[in-house]
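Line order of the protein sequences matches chains A and B.
If you're matching positions, the first sequence starts at -12 in the numbering used here and goes up one per residue.
If you're matching positions, the second sequence starts at -12 in the numbering used here and goes up one per residue.
There may be inaccurate statements among the hints.
All copies of an identical chain are treated as equivalent in the list; a pair is satisfied when it fits inside any one copy or across any two copies.
[What the hints assert, rightly or not] Mimicking SDA-like on lysine to any residue, the simulated pairs with C-alpha atoms at most 25 Å apart in a straight line are:
id	residue 1	residue 2
1	K21	L3
2	K38	D98
3	K27	G47
4	K38	R166
5	K38	S65
6	K38	A104
7	K21	A100
8	K67	E82
9	K(-5)	P128
10	K38	L25
11	K85	A104
12	K27	A104
Source of the hints: derived by calculation from the structure; they are not laboratory data.
2 protein chains.
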Amino acid sequence: MPAALAPKEEVLDRLLDSFRRDGYDGASLATLSKRTGLGKSSLYHHFPGGKQQMALDVLGHLGARLGAAFRPLGDEPSPKRKLGMLLDAVDAFYEQGKKACLLERLTASVDRARFAAPLRAAFVSLISELEAVARAAGLSPAVARRRAEDAVVRIEGALVVAAGMGDAGVFSRTLGDLRANLLAR
Amino acid sequence: MPAALAPKEEVLDRLLDSFRRDGYDGASLATLSKRTGLGKSSLYHHFPGGKQQMALDVLGHLGARLGAAFRPLGDEPSPKRKLGMLLDAVDAFYEQGKKACLLERLTASVDRARFAAPLRAAFVSLISELEAVARAAGLSPAVARRRAEDAVVRIEGALVVAAGMGDAGVFSRTLGDLRANLLAR
DNA sequence: GTCTATACAGTGATAGAC
DNA sequence: GTCTATCACTGTATAGAC
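Modelling step: build the complete structure from the supplied sequences, incorporating the hints.
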């Protein structure tokens, strides 16, 4: 019987949002405190390791959220449809290209060395998810792997270019391409 | 008769490198001072607008450098060969995927609103360069435009994923794909 | 043009009361 | 668990001598 609202999850969601918006270096404890509604001391109570631990916990939280979002798709027998649902989830998560990627923000941070291992794991996990769909669609392991890697590359790049140009259309065009071509033989 | 070494160009090169490495938010005046060899006051003498103006001037400097790098390619009659030389320049500039993109770093910065216009212009310029090659290769304007946009998306994304996974191979695989397929009919 | 010295707000982080 | 108060430090930026 879960609580009416799990506050820790809510806090992690807000932290995720802050890091995505301001970046790791740009997000100060003052803004993190404001966005979560917790005082600085409360934040340190929940995250004794400080800002670094907040980011690490948010990374874990993100993995759990993605896992939960992808789990129901496991039953879908049609790879084509499964890919569509997966990209729908991606589209929603990044709000049609208007929100940035936490992985990119942490990769670019000054403390990036601290995040190297979980970041690599997160990227690997994303690629694996898409790779599995491509394999299910009958692509060879090598091709499926390359296509999946390229898909993640394109998603990350589309977020960067969309933000840089102030044109979210780049993101939707990219997702459209992936929908049409990722599983093509 | 240019001076034996134009120091301003050298300073801008070092600043460019610092911003690429540490990001805009992560690069402090202390590190910028150390990397350029100029004291903080000297930096403010050359850039009265402070850090923001340093970034803006570096953006302009980057545009000039790219222009200079692309100009000799203008004579190349073969689009295929011209694309190859262009991607060679990209490969060198990002040091085979080991160095980040200034545009991405500024796009992700807290002061990104200040950089919006020149950033958009920089992305447009990059895309236009590739679009021209695609058109010269006989692709329709619409297809050339989309291919060029996608190429920039892939380059930016490959830099992010390569850094995030600590695997520069992603970058070279991506450039290889672009070499092979960007101009395909 | 570069230096030392400094102003002063903001930084991540902590102590201790409640 | 959250608060106020405060720490030592770094942040950007400036003043004025040389």
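Taking the hints in turn, this is what the structure says about them:
1. In this assembly of identical chains, K21 and L3 lie within 25 Å of each other by CA distance solely inside one copy; the values are 14 Å within and 33 Å between copies.
2. When the C-alpha separation of K38 and D98 is checked against a cutoff of 25 Å, the pair qualifies both within a copy, at 10 Å, and between copies, at 21 Å.
3. Taking identical chains as interchangeable, the C-alpha atoms of K27 and G47 lie at most 25 Å apart only when both belong to the same chain, with a minimum of 21 Å there against 40 Å between chains.
4. In this assembly of identical chains, the alpha carbons of K38 and R166 never lie at most 25 Å apart, being 37 Å within a copy and 42 Å across copies at closest.
5. In this homomeric assembly, K38 and S65 never come within 25 Å of each other (Cα to Cα): the closest approach is 42 Å inside a single copy and 53 Å across copies.
6. For a Cα distance limit of 25 Å, the shortest separation of K38 from A104 inside one copy, 17 Å, qualifies, whereas the shortest one across copies, 32 Å, does not.
7. In the homo-oligomer, the alpha carbons of K21 and A100 lie at most 25 Å apart only across protomers (21 Å), although the nearest pairing inside one protomer, at 27 Å, exceeds that limit.
8. For the identical chains of this complex, K67 and E82 are intra-copy neighbours only, at 22 Å inside a copy versus 37 Å across copies, given an alpha-carbon limit of 25 Å.
9. Taking CA atoms no more than 25 Å apart as the test, K(-5) paired with P128 passes in neither setting, with 40 Å inside one copy and 51 Å between copies.
10. Proximity of K38 and L25 under a CA criterion of 25 Å is satisfied intra-copy only: 14 Å inside one chain copy versus 32 Å between copies.
11. Proximity of K85 to A104 under the C-alpha cut-off of 25 Å is restricted to the inter-copy arrangement: shortest distance 17 Å between copies versus 27 Å within a copy.
12. Taking the shortest alpha-carbon separations for K27 and A104, neither the intra-copy value of 27 Å nor the inter-copy value of 36 Å comes in at or below 25 Å.
Checked against the numbered hints above, the structure violates hints 4, 5, 9, 12; every other hint is satisfied.
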